[in-house]
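K.L.:
Order-wise, the sequence lines are chains A and B.
So for the first sequence, the numbering used here puts the first residue at 1; every next one is plus one.
So for the second sequence, the numbering used here puts the first residue at 353; every next one is plus one.
Calculated directly from the structure, the hints in this document are not laboratory data.
Mixed in with the good hints, there may be bad ones.
Said to hold, decoys possible - So these bits of chain B aren't anywhere near chain A, every CB distance computed over 12 Å:
no., residue
1, LYS383
2, THR475
3, ARG479
4, ALA605
5, GLU607
6, GLN709
7, LEU715
8, THR725
Said to hold, decoys possible - Looking from chain B toward chain A, a few residues come up when the C-beta cut is under 10 Å (computed):
no., residue
9, ASP503
10, ARG524
11, LEU553
From the three backbone atoms N, C-alpha and C, an ideal C-beta is built for every residue, glycine too.
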Amino acid sequence: MAYINGIGLISPQKTVDPTEFLPEIMEYTSDYLKCIEPAYRTYIDPIQSRRMSRLIKMGIASAKISLADAGCSMPDAIITGTGLGSVEDTEKILGDLSSEERFLNPTPFIQSTYNTISSQVAIQLKCHNYNSTYVHRTFSFESGLIDGMMQIEEEMARNVLIGAIDEMTMNHLQITRRIGQWKMEPVNNLALLETKSPGALPGEGAAFFVLGTEKRSSTYAELKDVATCINLNGSFRPEVVLPEFLAKNELSPNDIDLVILGVNGDCKYDQVYTHFANQFFPGKAQAWYKHLCGEYHTATGFGLYVAANILRRPVYPVVLHLNQVVPGKLRNILIYNQFRDVNHSFMLVQGC
Amino acid sequence: MPQRIFITGFGIISCIGNNIEEHLESLLQSKPGTGRVHYVDTYLKNELLVGEVRKTLEELFTLAAIPPTDGYSRNALLGIIAAREAFVNGRMNNCRELKTGLISATTVGGMDRCENYYSDFLTNDSRNAYIDSYDCADSTEKIAGLLGISDFVTTISTACSSAANAIMLGARMIRTGRLDRVLAGGCEALTKFHLNGFNALKILDKNPCRPFDQNRAGINLGEGAAYLVLESGESLGKTGNTPLCELVGWGNACEAFHQTASSPDGTGAYLAMKKALELSGLAPEDIDYVNAHGTGTDNNDLSEGRALEKLFGNRMPLVSSTKPFTGHTTSAAGSAEAILSIMCLQHQVAWPNLNFQERIEELSFSPVEKLMTNIPVNVVMSNSFGFGGNDTSLIFKKVNADIL
């Protein structure tokens, strides 16, 4: 376990200021939900940022916001999770190569490497400590959290900086629409569940968290545990895995006050969440958040931001309610996410 | 007491062989596998020297023992071939009740197919089966599916140190009791994408690369895949496997200097090696052989050389880079070179640093020039450094008879 001591989030919502929690809900009717970016000069020297692509700037800025929020200047480890890295840079190269192969501009190639953000953050902080990057679809951020919590358990680190970063582009949207991943037309994010059509509403975001061994005035909540479960030919058995996961943390499903589900408006896969909630958490309060940030490989970063803020304040904003149940208390939150019923993950967050 | 980590099997494919035996043979014969570009359709064909696995996509399907299927990248096939060899050698099909993980590493992922189909992706549905093969997780999930590994699956990308970090994560997950055994390594197929990318950085040698040579002129890129089976001491008791060696140290540090260049004094390299050494409880003089990252670039070899001098002083162990044999297999290099290092423990040899002629004038040591056989090798270190200054060092030790 570890304390969540600082958060920095750049998302399609107004989340840049960590002292606020969803002060105004942004409504969009669009192909995908795009991040509201801050003025970067507050976070990055304009001379340095001139050549940086958008995702890298979002990553560095959110990392710095989280460190300031936690009052931490030098983390003992920097870990990032990203499903796709800098799509914009990769597309530049692919575009160049598909027209005519010729001498490339090296900058997009350098920036297309998935570990660019973790190393750029290290360069900004002059941090020589442990540094790694996970790139496994919707396990990317969760793998980073598991690594970071293990660093703390191994006593290799007291403060760990962990990021969840992904971007969307029109080209990538167009390509992945071909395999049914997304809705085929612009939709209103706040009316997402009314679409009842296959495909999710895509989004993006850059979230960084400072996990620490010490509880402080900046502490949001305790991240008790994280688990990823791959479903290969039915290998994922939630009826075994979930009680085990909770029992390891001395809890049972009945102790969970709120379940935050990764419901994303895709009628094909949202039923996986419905079954899960009905099976393990009947009568419990259910929340969702992907209508606010869209779906992307590291969207659970937004989910963890939501859980941490609900527990810290404590407040349970209506926009997050997926059912009518009002939780009696707000102490234990389970975040459950799945991608195509293959990549399932759990995060257990506790108020403190 | 934390679990110890034993290596009980491995598998490898690169331009010097399709399996372990072929690698050993090429290495013992000091026979490199690099040549002109044959399989990647690039305008740099006649310009660059690379280490390609000499198999077409169809031939790789045969080697991987799966029928030709849409949606498979060269990267995934290389991964499957090496992972399966390791899986078989480590007898991972036994003791299915053990908590088993797959940690794989790649950076260009399935780009080898996707770069050719990109305009189709944008304009028509003809190549939809390959859209999913684009990302880094695709090859990992294909390997996990074929081998039935599901307790923990993830993918790491820290550029050219990726596979070393996969091994390190596997070791830590066993040490902290999360898993009993792990199949860890990496795969990378050559692509126009990174051939052009490295070419744009002007760090490719058109001739055979010369790591640690005064006149070195850059990298020969290579491709391949390599996986190791890591087991806890407790797991050994159940599988009955005989350990090939023990993984006793690992260290990861960041240069925090420049996105693609190493610092002149090799801070990251030094810190990674030092951390690995500290964890192992060994002294610098216990290291018999270092398989250096040694890419052959001006920058890396001087930086790494200085870091080695700082760590070892005037008691420099045997050092060589095996990249002139295999080419730089980027995300697979960490696990491929870990295996070549372990072979030094098994066969009591030190691999030559091919093409070496003249010592770097700023450095006080030269690498191993000719194959050394019948020498005592008890502890080896394998270095892997990547863009972003992501530096990782691993230490493997011969297993003492007392634990067997």
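K.L.:
Confirm or reject each hint.
P.N.:
Outcome of the hint check:
With a closest Cβ-Cβ approach of about 31 Å to chain A, LYS383 of chain B is found to remain outside the 12 Å limit, as its non-interface label requires. For THR475 of chain B, the non-interface assignment is contradicted: its Cβ lies about 9 Å from the closest Cβ of chain A, within the 12 Å cut-off. With a minimum CB-CB distance of about 9 Å to chain A, ARG479 of chain B fails to clear the 12 Å threshold, and the non-interface call is violated. Against the 12 Å criterion, ALA605 of chain B falls within the reach of chain A, whose nearest CB is about 5 Å from its own CB.
The claim that GLU607 of chain B lies off the interface is violated: its Cβ sits roughly 7 Å from the closest Cβ of chain A, which falls inside the 12 Å cut-off. The non-interface label for GLN709 of chain B is consistent with chain A: the shortest C-beta to C-beta separation is roughly 30 Å, beyond 12 Å. Here LEU715 of chain B stays apart from chain A, with its beta-carbon at least about 23 Å from theirs, past the 12 Å limit. Non-interface call for THR725 of chain B relative to chain A: holds, since the shortest CB-CB distance, roughly 37 Å, exceeds 12 Å.
The criterion of a C-beta within 10 Å of any C-beta in chain A is met by ASP503 of chain B, whose closest approach is roughly 9 Å, and the hint holds. A least Cβ separation of about 6 Å between ARG524 of chain B and chain A falls short of the 10 Å threshold, and the interface hint therefore holds. Nearest Cβ of chain A to the Cβ of LEU553 of chain B: about 5 Å, under the 10 Å cut. The hint holds.
Hint compliance for this structure: hints 2, 3, 4, 5 are not met, and every other hint is.
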